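Listed below, chain by chain, are the residues.
Protein chains: 2
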Amino acid sequence: MEEQYKRLLELLGEVSDLQAAAAVLGWDQQTYMPPGGAQGRSMHLATITRLAHEKFVNEEIGELLEALKSEAADLDPDSDEACIVKQVSREYEKQRKVPGEWVADFSRVTSMAHQSWEKARKESDFPTFEPDLESVFELRRQYVDFFTPYDHIYDPLLDDFEPGLKTSDVIQIFEELRPKQVELVQAIAESSNSIDDAVLYQSFDETKQWDFGEEVIKAFGYDFDRGRQDKSPHPFTTSFSIDDVRITTRVRPDFLSTALFGTLHEAGHAMYEQGISDSLARTPLEGGTSLAVHESQSRMWENLVGRSKPFWVAFYSRLQEYFPSELGDVKLDDFYQAINLVEPSLIRVEADEATYNLHIMLRFELELALLEQQLKVSDLPEVWNQKMDEYLGVTPPNDAEGVLQDIHWSMGIFGYFSTYSLGNLIATMLWDKMKIDIPDLEKQIELGKFDDLLGWHREKIHQHGGKYEPMDLVKRATGSELSAEPYIRYLQTKFGEIYDL
Amino acid sequence: MEEQYKRLLELLGEVSDLQAAAAVLGWDQQTYMPPGGAQGRSMHLATITRLAHEKFVNEEIGELLEALKSEAADLDPDSDEACIVKQVSREYEKQRKVPGEWVADFSRVTSMAHQSWEKARKESDFPTFEPDLESVFELRRQYVDFFTPYDHIYDPLLDDFEPGLKTSDVIQIFEELRPKQVELVQAIAESSNSIDDAVLYQSFDETKQWDFGEEVIKAFGYDFDRGRQDKSPHPFTTSFSIDDVRITTRVRPDFLSTALFGTLHEAGHAMYEQGISDSLARTPLEGGTSLAVHESQSRMWENLVGRSKPFWVAFYSRLQEYFPSELGDVKLDDFYQAINLVEPSLIRVEADEATYNLHIMLRFELELALLEQQLKVSDLPEVWNQKMDEYLGVTPPNDAEGVLQDIHWSMGIFGYFSTYSLGNLIATMLWDKMKIDIPDLEKQIELGKFDDLLGWHREKIHQHGGKYEPMDLVKRATGSELSAEPYIRYLQTKFGEIYDL
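As given, the protein sequences belong to chains A and B, one line each in that order.
Start counting the first sequence at 1048; every next residue gets the next number (this note's numbering).
Start counting the second sequence at 1048; every next residue gets the next number (this note's numbering).
By construction, these hints were calculated from the structure, which means they are not laboratory data.
Please note that the accuracy of each hint is not assured.
One copy or two, either will do: identical chains are not told apart, so a pair holds if it fits within one copy or between any two.
In the SDA-like style, the derived pairs of lysine to any residue whose C-alpha atoms are separated by at most 25 Å in a straight line are [claimed, not checked]: (1) K1482 / D1202; (2) K1213 / E1185; (3) K1423 / F1267; (4) K1278 / D1258; (5) K1053 / S1154; (6) K1144 / Q1134.
As the structure is a prediction and not an experimental result, all values here were calculated from the model.
Bound-form chain A, shown alone (with noise of 0.2 Å):
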């Protein structure tokens, strides 16, 4: 067992490495790239994911899985090496069922379709992108038939986001959820205490936005030792091995909130990438274990840490002393007010913590009605603005903010939305635990003081890397099956508070 355990690593290693590989090339793309470059770094991409996905689906990879596997039955369960035996079965047989015909098609469609969106989305007409998406929509049907049998068509594409979650699991969920937060963002427009964000929206120069965002990131645990940050249109985080986590944000000279908390955010990614064990080092499970879990670790920081009074209370005399004239006779709550401000909006990335969420639904209800044949793709811009209405009581004035605003279904995502929302509604279901664990928790971040969150977090979610799927990691940390009533009572207590509810 342990020569063949062995030749496995060694051959996911090399597909660890193309894909690292792959990583920087798309790092660098968003960052530094000059823009003669693109052409041939498309060239490279290509062949390099092609590779990597050659190499981790040969025949031989398959073979030591099939021989490992009735080994690994003595093991013990939660030891790497049953986890990753097991994970990567998982992942190869998944992956040995697409035709690489269905493959190169994609790719191609993909790319037409991404090209027509953004002409789309320019223009602001829908019509340029429909046939490209309608493409995009039957191939992706095409994919999930190489799935059957399945309990819910939708499952297959899930399951690429958030292994073993069952599309009933969401709906169930969501149907808790919606009418909670439909009644909480009615309450809130009808409060008597409204706020003014005003204050966020001065000139803030660039460099000290930049340099306060890193010192409350350096106090939260990320190691610029193992990472750092970099300027990019989007931001994100990318990991090219568990010393090598980078971030990037970007930085709005005219509003506080862009730069500020979208590095706390990317941070949160990176701490979880920063903490999983060294021993996962260069296998398919040196990562987070699902993009849900992923968002509990981003909208923590972001968010329950980074949006809650305990820390500004840390952090506010502080950055008040990097914009003095700008901030110097702002009062702490109405600073705190200011980035807690609850206004329905049309854009998903611009929402606020209790909007948020209904963004994520509609998608999701709109990706099950095409996929359940109920919708046709042509119908999608006038959905779309009815239910921005129904849930969020704006209409977009144009499709480029309304249905054409995300680039997923561009790209070929389809299940992806709803790990937004449930990485939400994890974080708050980690944080009641935490909260029992550490007693003074609300203390220590007063204090500026991190190590035991951070540890918490390592201990319970980030060590694990890929071992368990995530929503059996989530039982393991909290004890609990996946739940919206926490966060829903997070959202009432604070923003009932906030507004006097």
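Chain A is already provided as a structure; the job is to place chain B on it using the hints.
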């Protein structure tokens, strides 16, 4: 034939993509990578370069080349197709002669040697490096044996950097060059005209240094849409495609020459790569034809242009605008003399134009003597110091500033050094020919116009990439065989004037 050629390009394109990925990883390693990334990066690079090598030496490429070689006989020998088949066959046959075990041994031994060299240099202790250098030399001797028969034992090493050039040619050139250079350096030492370069050693704002350098290379014709400049500990140029050729430099706040001439030098390399014909993209010919020809381009822009009077007629007032308090009172002539100070020194990379080649000849002679077993590794420090005294009249106070100063041997690189000097020679050969084709060249440079200068090199050198062997290319461009005469005349004229010889 067309099908086979297409397939060959496809396979070569894959290799090129892998090499480009490795280049991006290398660039990042030298510029932005956090310290923690080092270990993972060495794994990524090992995998990518191994795959690139495996993909290049595979049987299918050999069969395609074999089939295409006979057919290529009917093609115009200067066509891309004919040159690609010829040059790739040449390289393929070379690489196939080197057994995989040797490559693995070499990688292992040089990895250790590099570490012991770093330690030895730090502690200025040659014996720390000696056993590993012995092993590296032993492997290089084995390497040479893969290419028997050869005229000279050094030929196979030289051929890796200067395809087609023979050791006997280099020996002959150097024998012509050495006495003239030694004579010139002695005459300068005895000259009554002493030059003071203290003006270069002031406090120069780093951003201004950076901006001035970039202003100059933009005027030269370096295309920032297809490249960029970043900081690194050691300046270098790297190419990911014809449309993404990047340079780096380092900046010393207390010395003007480092960043400025570093930038000009690297831009020379980069403009060569940016000027290669698109039709060679993603083939092994998408790059300069040899190190010497590459160095002819970098040294031309750095020295023949950047250290010339006409160039400073155009740019000195701009430099004074950047540094009014440092250079406002310094006359153009004094500045020109300062940047052309000749002073025998210990360190090759800091040597001036008049002494530089002597550093190279010393290394070349030691490499020959070692390979011919007329010199033992253990005697290197002593012989090094003797030759330094003989050629330059200086003696290293320790091995760190003597035999341990260069990285090359620790990486197993032998046969490389002479290309630096050959580059100087080729630069002046090209320059002399260009002056005939562009009679008002000097006037153009005085006006800061470089279009004709760059255009001439684009046409004669750059566009051809690796299509022609280096000395063939030089002959095509100048009508002459490689010769030391133009360079000697250049040095004598320039420094005769500066030093009133």
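Verification of the supplied hints:
1. Proximity of K1482 and D1202 under a CA criterion of 25 Å is satisfied in neither setting, with 34 Å inside one chain copy and 72 Å between copies.
2. Within a single copy, K1213 and E1185 get their C-alpha atoms as close as 22 Å, which meets the 25 Å cut-off; across copies the closest is 62 Å, which misses it.
3. For the identical chains of this complex, K1423 and F1267 are neighbours neither inside a copy (46 Å) nor across copies (57 Å), given an alpha-carbon limit of 25 Å.
4. Within a single copy, K1278 and D1258 get their C-alpha atoms as close as 13 Å, and across copies as close as 21 Å, so both meet the 25 Å cut-off.
5. In this homomeric assembly, K1053 and S1154 come within 25 Å of each other (Cα to Cα) only across copies, at 22 Å, whereas the closest approach inside a single copy is 33 Å.
6. Taking the shortest alpha-carbon separations for K1144 and Q1134, only the intra-copy value of 16 Å comes in at or below 25 Å, while the best inter-copy value is 42 Å.
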